[in-house]
Every structure is written in structure tokens, then in C-alpha cells.
Amino acid sequence: MRHFLTLLRNEIWRLLISPSTYIAGFLFLLVMGFLFQWMLRVYTSDPQDETPSVLFFRMFFIPVFFMVPLLTMRSVAEERRAGTIETLLTTPVTIAEIVLAKFGASYLYYCSLWLITASFHIIFFTYAQSDTIIDPYPLIGGYGYIFLSGTLFLSLGIFASSLTKSQLVAGILGFSLVFGFIVIGSNVEDLSVLTGEQSLWIRQFSDHTDALQHMGDFSSGIIDTRAIVLYLSTAFTFLFLSVLAIEYRDGTT
Amino acid sequence: MTTPKHTIEVEQLHKRFGKIDAVNGISFKVEKGQIVGFLGPNGAGKSTTMRILTGYNRATSGIAKICGVPVAADPHYIKRRIGYMPENNPLPLDLRVREYLKYRAKMKEIPFSKRRRAINQALESCDLLRAQDRIIGKLSKGFRQRVGIADAILANPEVIIMDEPTIGLDPHQVILIRDLIASLRGRMTVIISSHILPEIEMTCDQIIIINHGKIVGQGSPAELRDTFIDHTTYEVEIHGTNKELEAALATIAPELLIERISDHDADGFATAEIRIKDKCDYGEKLFKTLSVHPHLRTRSLRRKMAPLEDVFLAATRRSWEEVDQHLLEGPVPPGPQQPLQTKPEPTPSETAPTPQPEAQKPDPK
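Chains as they are written, first to last, in the working numbering: chain E, 1 to 253; chain G, 1001 to 1365.
Be aware that one or more of the hints could be misleading.
Stated by the list, open to error - Straight-line Cα separation of at most 16 Å, EDC-like style, residue types lysine to aspartate or glutamate; simulated pairs: (1) 1102(G) - 1124(G); (2) 1005(G) - 1031(G); (3) 165(E) - 49(E); (4) 1106(G) - 78(E); (5) 1102(G) - 11(E); (6) 1279(G) - 1255(G).
Derived by calculation from the structure, the hints in this document are not laboratory data.
From just these sequences and the hints, can you work out the full model?
Structure follows, in C-alpha cells:
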């Protein structure tokens, strides 16, 4: 892990000097701001059971669907297309260091973008609800879940990117994987095919992989260690698979 | 056996991509401090061999050793000892030259105290000091090529492998790179591949010609000429008619033939190429005969060296003929073939096919 920091610093630096980083960040915040504003309008028209922050976090998957593929699709695929992976792999760095550095840089960027959205809540509580005190726990839980699930989603994106040399294919594959996890994982129990006795285990399994359920739990203050184990272990698995994919495709050790 | 004398040792290297043998039993050794040129048509297996040497690709079978250590056994040991510039010279286009070299220096584990000096040295050797703060993506191709070379020599490695380092450079830059590579002689072992034959001839101590994944010729330029060129050519600037010249030549030996003769210039001199279909020295006899001839006036006489191009064409054609022969003979199991290698002493020329005249490069004169 000797070169990890060098690689990570280089990845972050290249993110910082790239205009697309700022454009993507701007669009992300625009979408999030729009969602927040739309949510507040819903609250002004009808009384709701949940606090605004819970509803806000319930929509976390909308930006995740487009941000994760955009952030990760170029990571390995671009290196492979440009051929720079060849110069990279002929220096004494390991593939694990490369994958971790790429993951680390995109994860930090992802987290920092989400952290900026915390300002929405601060502005809201400071100006609109200055008479009520800010309730930090749903916010902490919600952001905690975002950062936790980010490890899995970004590792899915990195994995997709490590399979191909086309950014487009990597993007579509990354989107499909994230979409599959969130949407199918959350709705698989509703499928009528799975009503039989034999498929009981599938329903039990899907109870544990329901991302929307996890989000709900975390943002209402329930910290479920099973979810933490699930996200971290799956993220680790996909990063490991990315290492294997690069090793296989680029024929080196 | 491993001797410290040889920095690179390759034994029976094979690499298969599906059904294609990209490298098919290549063996060679490179002494420390030598500059070796890989020659071969496109798809001959040069780049694959280089990639195996860097540890980027794994060989299907065979051993490649760098500094006495097999590449496959300890790729990280090898990677600390090589500088590699791949084909097409991939670079991150968004970084500045100095920034990129600094990042590469860190990855190549150059200690902090030596890093700045190493970078400055590489920038200076490649004449990049003026461009050090420019963004790589905005540099011209020649500059980018030099950035790639600067990266390869950055860590002062024991072995430098460069895949077509002078492609796309203008003549000035080619000279600069050639001098740079020549300055590494003795200090580092360098392997370069190129299509520019005079380039290879000028810089390299040893040339390895590869075709169809096999070595078809190996040795110094002089040794290669000896193996593949079976004729001698003299060039003479002469005043007189062709008939007189032919008659004069016939008096020396019947195999002296005029291959080509240019038009007479303002002084009435013409340049004639005299070809002898064997390796023999007629220089003195020619000189004597022509100087005493009553109607012929000679202005110059020299023995012409066959261009490396002829050697290259002869060597690759020979390997193609072998392939054709195999096809004609029917499905023969692909047995290990001995690569044709030059021996230090002159080899009999009857094995070498005569290069066809159409394959010859027209003389620039």
C-alpha cells in the first residue's frame, strides 16, 4: 500500500483540475436543490407524517442513479482506452492500490457533494424554521447511510469500469448494477412468482437487501449493523472483483 | 547460465493469442550497456516481446530474465529495474509535464532527496525544460514523445524498453533522441523498436529482426549484411562510353556487371554501379584497370554498403518463403524451428536468396 497515497493524490488532483468535475457537481446540486424545493412545496400544501429530512433522504436514489455511473465510468475504462494503464502497470504499483485509489478519489468526491447538500437543511432551519431547534439525528443517520451505501454503489461503478475500455459501456453497466440493486432489490419481494413456499428464502434475502428500507431505518435513527456489514462486505467484494477483472484483461500480475 | 554480463536473457519465448502465435520461440541475450534494435514488419511480435519483458504481459511459455531474474517470478523486482515507453506513447493529457514526471517519479520509488534532480535531469536530457509547465494535451507530438522518453529514463533504470520512440518526430528531434539514446550506451541496456532502418543502424550495437514471431536475423549491422547480402557493389564515377567500361570490366572477371548507369553530367562523368554476384574484393583490380585504361577517366571509386533495408527485406522474405514452404508441404506439426542466427565467421552465401531487383531501394544518387 506504499503507492496508495501517491495514486490517490494524483486521482484527486486530476478530479480537481478537470472542468467536468465542477459541471457534474453543479448539476448534482441543481437537481438536489430542485428536489428539496419541491419537497418543501409538498409540505406547504399537505401535512405530512415524516420530517422533511426523512422525505429528502427517501429520494436519495434519484441522484445516485446518474451520479455514480458518471463518477466512476471513466476510472479504469479511460486508462485502458488511452493506454496509460500500460505505463501504470509497468511501475511497481499493485492493481489493488490502483483500484483503491480510484475508488477513494470518487468516494471522497461523492461524499463531499452530498455534504454540500447539508447546507440545504441548515438554510431551511435557520431561515424557515428559526423557531424550532434543528433535529440533528435524522440528518446524521441519513448522511451516515449515504456514505455507507456510497461504498457499495461506487464499487459497483468501478467494477463496471474495470470490465471494459468503453466509458459508455461502463456507464450503462454501472447504471444497471446500481439500478438493479436499488430497484430490484427493494421490490423483489412483491413479485407474484415468489409467493410459493420454495421462494421463502428469496423473500427473506430480499428483506436484507432492501436499500429503501435501510434508508428509512437510518434516517429515522435505527442503525442496523446488518446493513453496515452488507454494504461494506459487498463493496469490498466488488473492489476485489475489479482487481481480478483488471488482472485478467490486462494480463499481468 | 545467468551471468551478470547479460542484462536481458530470453529463452524460447512463446506467446499465443487464441490461435495466433504472436511470439514463437524467440531466444536472445543482451549484454549490459548494449543498445539493441528490434526490426520487423507490423505484427511481427516486437511489441509483444517488449511487453513480456516489462512484465505487462505474461508469456505462454519460455523464460525472459532481466538482471538474472525471471520476469514472471518477480514482476515487481523487474518493474523497479525497467523504464518502458509503450507504443503510441500514452500520456495523461490533463497534467503538466513536470507534474506528470513528479507523479511518475513517486511511483517509481525515487527517494524524495533525489526526486527533483532526477526530474530536472530527465527534462534536460529530453530538451523539455522550456515546456515543463505546459499541459501535455496541448503539446505537439514531438514534445509528447519526449515526455514519454523522459519518463522512461527518469528513474535511471538498468533496462530501457522503448517501442518506436522516434515515430512522428521531425529530423531535428530524431537526431536529439538518437543522441540521447546513444548517450545511454554503457550505462543502461536499451531495447528500441523502429521502422526507421537507418535510425536503428546508426544507434544500435545489435539488431534483431523478427518476423512471424521468430527471430530471422540477429547480429551487428555488419554481421547481418554478411549473412543476408550475397553480392558486392562498387560505385564508380567514370568518363567514357558504356561499351568501353563493359570491355574493361570483362578483362578483370566475367562476373563484373554494370547494374545501373546514370546520365552523363556536364563534365561528361556518369555514375555506374558495378555488381558482383558474390562476396569478393575486386577493389584494387578495378582501380588498377580503370586507371590505366586509355579511354576511361575515373573520378571516384568506392565499395557500396548494402542498405539495411536490403538486409531487412532479405531476412523477412526468407522467413516468408519458409512459411510458404510449410504450407506447400501440407499440415506439418509445428516443430521448434531454429532461428537463423548469424555466426561470427562469414556464412556461405548459397543459402541466402538473391534479393530481387524490384525490392531494392533506388539509389539516392
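Hint check:
1. 1102(G) - 1124(G): Given that 16 Å is the threshold and the Cα spacing comes to 14 Å, the pair holds.
2. 1005(G) - 1031(G): OK: residue 1005(G) and residue 1031(G) at ~6 Å, within 16 Å.
3. 165(E) - 49(E): violated, 47 Å
4. 1106(G) - 78(E): violated, 22 Å
5. 1102(G) - 11(E): Holds, at about 14 Å.
6. 1279(G) - 1255(G): Judged against 16 Å, a Cα distance of about 12 Å means the pair holds.
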